[in-house]
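Residue numbers (UniProt numbering): 1 to 88.
No lab work stands behind these hints, which were simulated from the structure alone.
Don't take every hint at face value.
[What the hints assert, rightly or not] Mimicking SDA-like on lysine to any residue, the simulated pairs with C-alpha atoms at most 20 Å apart in a straight line are: (1) LYS84 - ASP68; (2) LYS87 - GLN10; (3) LYS71 - ARG31; (4) LYS44 - ARG27; (5) LYS87 - VAL58; (6) LYS44 - GLU34; (7) LYS17 - LYS83.
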Amino acid sequence: MSYTLIYSEQSLRQLKKLDKAVSTRIRKYLRKIESLEEPRYRGKALSQNLRGFWRYRVGDYRILCEIDDNKLIIVAIDIEHRKKIYKK
1 MSYTLIYSEQ
11 SLRQLKKLDK
21 AVSTRIRKYL
31 RKIESLEEPR
41 YRGKALSQNL
51 RGFWRYRVGD
61 YRILCEIDDN
71 KLIIVAIDIE
81 HRKKIYKK
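Produce the complete structure using the sequences and hints provided.
Dropping the structure here:
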C-alpha cells in the first residue's frame with residue numbers, strides 16, 4: 001500500500017524555475033516520500049491557516065503537500081524557498 005505523488009501546476013512551475021541540481025534533489029526526495037508506507041513520518045503537520053497541509057524540508061526549500069488517505073495520494077501543492085513559502 002503505497003501512495004501516488006501528484007504535482008500541481010504551481011509546483012511544476014516552481015521546479016522548472018529552480019536550479020537543476022536543487023530540482024533533481026527535490027524530485028528524488030518526493031519519490032522517497034511516495035514509496036513510504038506512511039508519508040507523515042518524514043513531514044510536519046502545519047497549523048493555523050495551513051491546517052490540513054504537510055511540509056517537507058529539502059535544504060533551504062519547503063514542499064507544501066496535501067495527503068489524501070482515502071485515495072492514497074500525495075499532492076505537491078507548492079515548492080518554494082523557506083523565506084517565501086509561508087508568505088503566500
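Now for the hints, and whether the structure bears them out:
With a CA separation close to 25 Å, the supplied pair LYS84 and ASP68 exceeds the 20 Å bound. Using a Cα cut-off of 20 Å, the hinted pair LYS87 and GLN10 holds, with the two alpha carbons roughly 15 Å apart. A distance of roughly 18 Å separates the Cα atoms of LYS71 and ARG31; the hinted pair therefore holds under the 20 Å criterion. Proximity of LYS44 to ARG27 is assessed by CA-CA distance (about 18 Å); at most 20 Å being required, the pair is judged to hold.
Pair hint LYS87 plus VAL58 holds up; C-alpha atoms about 18 Å apart against a cutoff of 20 Å. Of the pairs offered as hints, the one joining LYS44 and GLU34 holds, with about 15 Å between alpha carbons and a cut-off of 20 Å not exceeded. At most 20 Å may separate the alpha-carbon atoms for a hinted pair to count; LYS17 and LYS83 meet this at roughly 16 Å.
Checked against the numbered hints above, the structure violates only hint 1.
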